[in-house]
Every structure is written in structure tokens, then in C-alpha cells.
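Heads up: the sequence lines are chains E and L, in that order.
Residue numbers for the first sequence follow our numbering, so the first one is 1 and each next one is one higher.
Residue numbers for the second sequence follow our numbering, so the first one is 1001 and each next one is one higher.
It cannot be assumed that every hint is accurate.
Some chain L residues judged to face chain E by a derived CB distance under 7 Å, without partners named [said to hold, decoys possible]: (1) F1078; (2) L1086; (3) P1158; (4) N1162; (5) K1165; (6) M1167; (7) Q1168; (8) Y1224; (9) S1231; (10) F1232; (11) Y1240; (12) N1244.
Pairs of lysine to aspartate or glutamate residues, derived as EDC-like cross-links and limited to a Cα-Cα distance of at most 20 Å, are as follows [said to hold, decoys possible]: (13) K1243/L x D118/E; (14) K333/E x E363/E; (15) K212/E x D1153/L; (16) K1161/L x E73/E; (17) K221/E x E1222/L; (18) K1150/L x E211/E; (19) K1165/L x E1018/L; (20) K1254/L x E1088/L; (21) K1146/L x E225/E; (22) K1255/L x E1116/L; (23) K1161/L x E1222/L; (24) K1161/L x D276/E; (25) K1157/L x E211/E; (26) K1150/L x E224/E; (27) K248/E x D193/E; (28) K1157/L x D118/E; (29) K1165/L x E1088/L; (30) K248/E x E225/E; (31) K1243/L x E1041/L; (32) K1096/L x D118/E; (33) K67/E x E44/E; (34) K221/E x D1153/L; (35) K1157/L x E363/E; (36) K67/E x E211/E; (37) K1243/L x E73/E; (38) K1146/L x E187/E; (39) K248/E x E338/E; (40) K1165/L x E225/E.
Calculated from the structure, these hints are not laboratory results.
Built from N, CA and C at the ideal position, the CB exists for glycine as well.
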Amino acid sequence: MKIYTYCVGLTLCVAFVGCNSQPSDLRSTGGSEEGARMAAPVGEPIHAILTQAPAVPPAITRKSPAKVVVEIEVKEVTMPISGGVNYTFWTFGGKVPGEFIRVRQGDTVELHLQNHPDNKMPHNIDLHAVTGPGGGAASTFTAPGHQSRFTFKALNQGLYVYHCATAPVGMHIANGMYGLILVEPPEGLKPVDREYYVMQGDFYTVGKYREKGLQPFDMQKAIEENATYVLFNGSEGSLVGDNALQAKVGETVRLFVGNGGPNLVSSFHVIGEIFDKIYPEAGTHFQENVQTTLIPAGGAAIVEFRVEVPGTYIIVDHSIFRTFNKGALGMLKVTGDEKKEIYSGKEVDDVYIGDKATAGSGEAVAKAAAEMKSGTLTIESQIQAGEALFRGTCSTCHMETGLGVPSVFPPLAKSDFLMIDKARSIHIVLNGLSGPVTVNGSKFNSIMPSMSQLNDDEVANILTYVRNSWGNKGTAVTASEVTAVRKSSKRPPGAAE
Amino acid sequence: MMWLILSWVFVHEAAPSENPMISVGPGVLRPFYPPSEKEKEIKLEAFQLQQHAVTNAEFLKFIQLNSNWRRDKVSSLFVDSTYLSLWETPVSLGGKVSPGQPVVFVSWFASKAYCESFGARLPTHFEWELAATATESLPDGRSDIKWRQKILDWYGKPAPKNLPKVMQNEPNFWGLYDLHGLIWEWVQNFNGILLSNDSREAGGFDQARFCGAGAVAASEKEDYPSFIRLSFLSSLEASYTTKNLGFRCAKDGKKGN
């Protein structure tokens, strides 16, 4: 239940009641509602505080509508879009997204649009919060080195996108000309601990994703809706590392999320969180317990959630290739005490067989393979390749130090069990080992799975590395030795051939 | 009264020899926004266009002969407050600009007066567009995606702190320099081709200002460079001056006529 109270001077005092189950009350045009929307501004004009993302201007504490002056300067600037990649953005206020505007329902907003003299292009602004043709676009069409002004009444509460609507509109938006304006309800939004401003946009460059240098806008890719980048807040890395959003355990976070487009609809999701409350499409009514919300291009959403557990929460467009291959990734870092009853952290399970071997191998492995082919393989190359493979697969249990984990995973460093029998060590890698063993006088009783998915070269390289590291000194293991052992072993059921 | 003032300029007969007239056309232009359904192809007679944009040096000569166009004497009806603002004084360039750079911060009125001072005029929008469709080797290169992208790249880049001088790039098919990649240029009827200020309105035209044409959609939708020029021109008033806007003059007919 929401109660709206609203007074102007002594003569006009209007109170009305809205209710979530009766949505039409809030948007109807009759009676007291009209009073709240149409009341005259009170007091001296106020200069709006505008903020660059991810910051949000402070909540409005006024109890009456005011005249609010908003000044936005359009600047065309070249800035990084990704590491080592520059792009010429057209901006409202010097950054992408444009500056966040916060007003109160019923405010009279006087908007000044200044087109910097160094700019090449004419620009204007269409605010979706405006009731009137073009949303202000026609009234603010401004040549470089000039400025325009128009005034509107913020009739409807909500979170709205604003953008440039100058021809070609798609190009102006694709270059970053969008931002958010929040029209608070008269009673304000419920206080929360943190408010942040996040806005998604898609970008089209002539060069490929992360191709270095100054990348021009690619009109053809934009027409084909074939985005090179999909980004939060205008650059890859704008919300990661030191720029990550911050919160403390137990706090409630409110994200004002917009999508500038120009083309793509966002599947907005925060990994590891559930949106306790969300205003889909930034409308008046909320939904609860939502995992992923759609944000249309030229639309917004308000999401709120309480953070319960410390750690890093990844903000993504769950149209997920955009996150991994186009840059749509941000972070929310939550600090505070662990809460094991909610999230245990990592609990040791039996054995993890990663597929990291191939991923982590790299050049050393390729070099060894090439030498193997040409018959010039040296023990040094084997050791280098083996190290890369070991790090990928074996170090999960035996540790990169070769020391293992006391009483769980046996050490390989200076291991008598390992070094005393080369053929047995090959056999163990290929077929696994379970049951009690004694290594350097300590007893171990656990399971090592078969690593028969590795080919003979790889096993040879790994064992050569292991037999010549951390103080071990032994001969090389050759691929043909591995082949021989593989032939003589009976495959455990289910193991790779 | 305006005619009185505008006609009060010192008239030479020929174009300045350092910036000669070059013959262009005849040719056929397919405009981005055809004026009507029947005019998707516009046949243009041959005309002449100055080889390059008018430079600071050329405009300074004009000012010296026509002191009523000095920035300290001209009426504010014809120029806004930034008119010739890069110049050190009303009658000298100073160190910030060079004689060989195109003159910028000039209004439509001032550009028109300059051209009329030697019996010329500003080119029409269609004339300018026809000249600008030429690549280095072809009279119409608009189907060349790479060439189009090159022009778009210039529109997408911020202006350099100091404009380059004129004629630093290759001339186009007709022998004209810098139609792309240096500055915007005034045309005679910049406000007769007006787009609506909000380009998404049906038809794209402000019907009140361009009667009857509002219903016609863009016909050359891929020709974004032309679209952008239309957009830019439609943001101007005749007294406006901006940092990247200059002009060159035109004449009717083939050279020598």
C-alpha cells in the first residue's frame, strides 16, 4: 500500500491512496492525481545534480514540485572502448552513458542542451520522460557551437531512457548518445544502502572485437545488427577490477539499469543473485524473485536485491556470448563476513578432472609436438611442455609445488614411490591408482582417476617434467615407453582409449 | 532593406585566380530525399564550382574591400557572435589561423555576399551533392561501400584542433578538392531541403517548410553521408557560424561561358 501526500501552500492540499492491486489509480488522469502532476513549482529554481555512471544523484527529499534546471553538454570525444582500442563516442556530458538526471514527479524541468563548438555534428535530445511530440527532440535540435532550451512537466513517474534523435538516429545512438532520467514518485523511492547506474549498449566497429587502434563506426554492421561490442557503461572494464560496484554484506543494492541499444535487447542477470524486487520495464509495479529480466533497447528496469554473502557477483547480459566475446561484463564486489549457512564456499569433493590440460598448454606443448614430429625432441622441451600440461591437469591435486596435500594427495617432489619405478609411474597415470600407498614414509589412501585421455606424448612430457622437478632427477620418459605400457594395460571400464 | 545591404558589395567579375572555377556535370543525381515521387533522378545542367573551399586569405581580401562584413561592423542579423572568431582582429588573421586554411565561422549571409562579390553564387544542394558523389576516379562512387565508409569515418571523428590547409588530398573526378574530409560547406538552399528537427517523423520532411514533399520517403537509404549532410544543414540558421563550416562558390554553365 502506498500513500501519496502532497501539499502546496495553505490553499491546496491533496492526499490520495494508491494500491498495488489497483494499478489504474496511479496513472489515471482524474481528480487528485491530476493535482499531483500539474501543481505549480514551489520556490527558486534548482540546478539538478547530474552524475556520471555508475554514480546516481542523491534521493530527492523535497515535498513539493520545483522548477529544475538541467544543463547537458554534448561532446564528441575519443576514448577507450576496450584495452588498446579507441572509439569516437558522441556523448551527453563527456561519458557513455549520459549523465543521470533525477527529478520528482510534477517537477517542471528546464532542459538546456549545449552542443560544444568543437563538435562536428548537430544533436538533440528525446527524453522518454517527456509528454509531447518528439520528447523534446524538435525543440532541442542544435548546431555545433549553439545551445537550445525547452521545458517540460514530468507528469509520469518512472525510470526513462533519453537519447539523441538527430538523423541518422541509429548512428547517434550507436555512438553512445543515451542516458537515464529518473522521475521519482512524490513520496520518493524507499531508501536503500546503495544505488548504481548501469546502462548497456551495443557498438559496431570496422575492426574486429579487441582489434587495436582507433576503430571507426561501421554502418553496415549496425544495419545488420552484428555488434562488435556489447558493453555496460560504454567501455569494456568500466565495471571490473577497481571500477567494480561495491557493497557490504547485508546491504540492499538498487540498480537503475538502462539499455540504449541501438539494436539489442538485454537479458540482464547478476550471477549469484536473485532480484528480490524488480520493476520490469521500469514501470510502476514490481515483480519479486526474478533471475533474469529483459530490458528492451530504449527501455530500463529498476532491480533491487539484498546481498547476503561476500564475493564477486558478475553482471552479465545472459545472451551469454555477449558476455564472453563482446564485453558485456561487470562486477559487484561484496565485502563482509562469510555466511556458511547460506553459501558454504568450496567444499572439497572427491576428485576433479579438469579439461584444463588442453586449455593451459600453449606454446611449449606445440613446440614439443613439432620437435617430436621432426625427431629433434629434447628433454628440455619435454620438461617445458610437461610443466604446462601438469599445471592444467595434475596440479589440481598434487599442487604446483609437487608437494600434494598432506594425508590426502601424495607428494611428487622428492617422492621415493615415484622415482623408484618408471614403468609403474606410467601405469598409474594411464590407469589411475586407488588404495593405500606409502610415500616418503607417510600413508595415503585415496583415488587417482585414470588419465588415459592424455595421449602418449603428453603423458611422456608430464612424467619427464615430474621426474625432473622440485629436486627430482631422472631420465626422460619417451612416448614409445608410454605406448608400450598402454598396450599392456587392461582399460578400466569407461576410460578413454 | 536586406537587399540593399546585401547588394552593397564590391563586385569583381572573375573568380579569384588562386581558386578557379572547375566545370562539373552535366549529370544525374539520385538524391537521398527526392523532392517528389517523380523526381528520384535529378538531371543537372553543367555548372562550375570553385576548386577548393574559400580560404582565410581569400576571405580576408574580401573583408578588406567590403568593410561592412568586418566582424566589428556587420549587423547581428547576418552573423552570430562567433563570426570569424578565430581571427586575431577584424582585419587580420593573426597567429592562430593560417592563410591556406579554409575560412570557417562564416554565416550563410556572409558566404553568399562573398560569392556575389565576383558574380558567383553558392551552389545549390543538388549541385553540391552531385559534385560530391565523385570519387578520385569515378563521377558517381556512391555504390562503393569502402569509399562511403571513408567519408563516414570523417563524420565520426572529432574535428582536429587545427584544420588542415586546403588541397592536401587527391582531387576528385572533376578536379575538385576536399568536398569530403575537411569541413562542412554552405549551400544556397540549405533551409529549403529541411529535414524535420526530429528525423523520425513520417517522411522526414518538415512539410510546413517543404510543401508536398513530406510524404516521400528516402530513396537512397544507404547513402548515409548524404543523410548526415542533410541533417547538419537542417540544424543551421542563416546567421549561424560554426567551427567546421565554410563554403565555396558556384556559377551557372560550363567554364568560359
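Results for each hint:
{"no.": "1", "hint": "F1078", "verdict": "violated (16 Å)"}
{"no.": "2", "hint": "L1086", "verdict": "violated (11 Å)"}
{"no.": "3", "hint": "P1158", "verdict": "holds (5 Å)"}
{"no.": "4", "hint": "N1162", "verdict": "violated (12 Å)"}
{"no.": "5", "hint": "K1165", "verdict": "violated (19 Å)"}
{"no.": "6", "hint": "M1167", "verdict": "violated (21 Å)"}
{"no.": "7", "hint": "Q1168", "verdict": "violated (18 Å)"}
{"no.": "8", "hint": "Y1224", "verdict": "holds (6 Å)"}
{"no.": "9", "hint": "S1231", "verdict": "holds (4 Å)"}
{"no.": "10", "hint": "F1232", "verdict": "holds (6 Å)"}
{"no.": "11", "hint": "Y1240", "verdict": "holds (6 Å)"}
{"no.": "12", "hint": "N1244", "verdict": "holds (5 Å)"}
{"no.": "13", "hint": "K1243/L x D118/E", "verdict": "holds (7 Å)"}
{"no.": "14", "hint": "K333/E x E363/E", "verdict": "violated (34 Å)"}
{"no.": "15", "hint": "K212/E x D1153/L", "verdict": "holds (17 Å)"}
{"no.": "16", "hint": "K1161/L x E73/E", "verdict": "holds (19 Å)"}
{"no.": "17", "hint": "K221/E x E1222/L", "verdict": "holds (13 Å)"}
{"no.": "18", "hint": "K1150/L x E211/E", "verdict": "holds (18 Å)"}
{"no.": "19", "hint": "K1165/L x E1018/L", "verdict": "holds (14 Å)"}
{"no.": "20", "hint": "K1254/L x E1088/L", "verdict": "violated (38 Å)"}
{"no.": "21", "hint": "K1146/L x E225/E", "verdict": "holds (19 Å)"}
{"no.": "22", "hint": "K1255/L x E1116/L", "verdict": "holds (17 Å)"}
{"no.": "23", "hint": "K1161/L x E1222/L", "verdict": "violated (31 Å)"}
{"no.": "24", "hint": "K1161/L x D276/E", "verdict": "violated (50 Å)"}
{"no.": "25", "hint": "K1157/L x E211/E", "verdict": "holds (18 Å)"}
{"no.": "26", "hint": "K1150/L x E224/E", "verdict": "holds (19 Å)"}
{"no.": "27", "hint": "K248/E x D193/E", "verdict": "holds (9 Å)"}
{"no.": "28", "hint": "K1157/L x D118/E", "verdict": "holds (11 Å)"}
{"no.": "29", "hint": "K1165/L x E1088/L", "verdict": "holds (18 Å)"}
{"no.": "30", "hint": "K248/E x E225/E", "verdict": "violated (39 Å)"}
{"no.": "31", "hint": "K1243/L x E1041/L", "verdict": "violated (33 Å)"}
{"no.": "32", "hint": "K1096/L x D118/E", "verdict": "holds (15 Å)"}
{"no.": "33", "hint": "K67/E x E44/E", "verdict": "holds (7 Å)"}
{"no.": "34", "hint": "K221/E x D1153/L", "verdict": "holds (14 Å)"}
{"no.": "35", "hint": "K1157/L x E363/E", "verdict": "violated (40 Å)"}
{"no.": "36", "hint": "K67/E x E211/E", "verdict": "violated (47 Å)"}
{"no.": "37", "hint": "K1243/L x E73/E", "verdict": "holds (17 Å)"}
{"no.": "38", "hint": "K1146/L x E187/E", "verdict": "violated (55 Å)"}
{"no.": "39", "hint": "K248/E x E338/E", "verdict": "holds (11 Å)"}
{"no.": "40", "hint": "K1165/L x E225/E", "verdict": "violated (38 Å)"}
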